[in-house]
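Residues in the sequence shown are numbered from 407 upward in steps of one, following the numbering used here.
Worth flagging that the hints you see were computed from the coordinates, not collected in a lab. Incorrect hints may appear among the rest.
Stated by the list, open to error - When the alpha-carbon atoms are kept at most 30 Å apart in a straight line, the in silico DSBU-like pairs for lysine-lysine are as follows:
1. Lys590 to Lys571
2. Lys527 to Lys478
3. Lys571 to Lys560
4. Lys527 to Lys560
5. Lys590 to Lys601
6. Lys601 to Lys571
7. Lys571 to Lys527
8. Lys560 to Lys601
What the hints assert, rightly or not - Just the calculated beta-carbon pair ranges, DEER-fashion:
9. Asn566 to Pro446: 31 to 37 Å
10. Lys601 to Pro446: 41 to 47 Å
11. Glu545 to Ser499: 48 to 54 Å
12. Ala500 to Pro596: 26 to 32 Å
13. Lys601 to Thr463: 55 to 61 Å
14. Pro486 to Gly418: 38 to 44 Å
15. His467 to Ala565: 24 to 30 Å
16. Leu576 to Tyr487: 22 to 28 Å
17. Tyr603 to Phe410: 18 to 24 Å
All of these numbers come straight from a predicted model, not from anything done at the bench. Where is the CB? At the ideal position from N, CA and C, for every residue including glycine.
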Amino acid sequence: RIRFHEFLGADGCWVALFSHPDDFTPVCTTELGSVAQLLPQFAARRVRVLALSCNDTASHHEWGRDVLALAKLPTDRGFPYPIIADPTRAIASAFGMLDGTNPTAGPPLTCRAVFVFAPDKSLRLQLLYPASSGRNLGEVLRAIDSLQMTAEHKVATPANWMPGKQCMVLPSLSDDEARSALPKGFEHQPVPSGKRYIRVTPDPSL
407 RIRFHEFLGA DGCWVALFSH PDDFTPVCTT ELGSVAQLLP QFAARRVRVL
457 ALSCNDTASH HEWGRDVLAL AKLPTDRGFP YPIIADPTRA IASAFGMLDG
507 TNPTAGPPLT CRAVFVFAPD KSLRLQLLYP ASSGRNLGEV LRAIDSLQMT
557 AEHKVATPAN WMPGKQCMVL PSLSDDEARS ALPKGFEHQP VPSGKRYIRV
607 TPDPSL
């Protein structure tokens with residue numbers, strides 16, 4: 407049993423919560439397996455992972471073996487991260503995870519949601535995918551890298567940023583404040599308007 411509020415921020419960790427439409431479905435099986443394969447990368451970022459779907463615990467236990475087998479991971483050690491059982495859809499409804507566009511014979515299914523929480527229990531990222539589209543776990547990790555770095559340094563990350571690449575100086579900083587906050591310095595990039603708002607700096611986390 408998990409007390410979610412206590413789970414958030416435990417040991418100073420971040421938390422990634424993934425919701426899934428249904429057990430024993432093909433896309434969900436690939437997603438949970440991919441998360442299991444990437445657990446060392448989540449752990450390296452101090453991110454605790456858990457999943458949720460609108461099925462009961464017995465279903466999760468049975469399905470978990472399929473997930474691990476498809477991912478070519480050991481099936482005799484138990485499932486490597488928690489899957490929340492939400493058959494009443496109480497949690498999915500409270501978190502806005504239900505997919506009203508996905509017609510089913512019964513109650514609505516959860517969409518493919520990703521919630522990332524910081525150690526202070528604040529929600530820092532929310533991604534919503536329809537049931538028909540599997541998630542890109544590499545993008546989730548990239549976004550977490552950005553969240554963690556920008557939480558520590560006065561920068562933002564541009565489109566398609568990857569760790570080690572240049573970052574953007576926050577618009578709220580004056581040039582003098584940026585020089586003080588960013589020891590590696592920064593450069594202005596010229597634009598046709600002549601406005602000096604594009605300032606780039608090396609990745610300050612390195």
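Hints and how they fare:
1. Lys590 to Lys571: 13 Å, holds
2. Lys527 to Lys478: Status violated; Cα separation ~33 Å.
3. Lys571 to Lys560: Measuring from Cα to Cα gives roughly 15 Å; hence the hint holds.
4. Lys527 to Lys560: 21 Å, holds
5. Lys590 to Lys601: 23 Å, holds
6. Lys601 to Lys571: Holds, at roughly 23 Å.
7. Lys571 to Lys527: 28 Å, holds
8. Lys560 to Lys601: Status holds; Cα separation ~21 Å.
9. Asn566 to Pro446: 31 to 37 Å: 25 Å, violated
10. Lys601 to Pro446: 41 to 47 Å: About 44 Å separates the Cβ atoms of lysine 601 and proline 446, which means 41 to 47 Å holds.
11. Glu545 to Ser499: 48 to 54 Å: 26 Å, violated
12. Ala500 to Pro596: 26 to 32 Å: 49 Å, violated
13. Lys601 to Thr463: 55 to 61 Å: Given about 57 Å between the Cβ atoms, the range holds.
14. Pro486 to Gly418: 38 to 44 Å: This hint is violated: roughly 21 Å between Cβ atoms.
15. His467 to Ala565: 24 to 30 Å: 42 Å, violated
16. Leu576 to Tyr487: 22 to 28 Å: 34 Å, violated
17. Tyr603 to Phe410: 18 to 24 Å: Check failed, 40 Å falls outside 18 to 24 Å.
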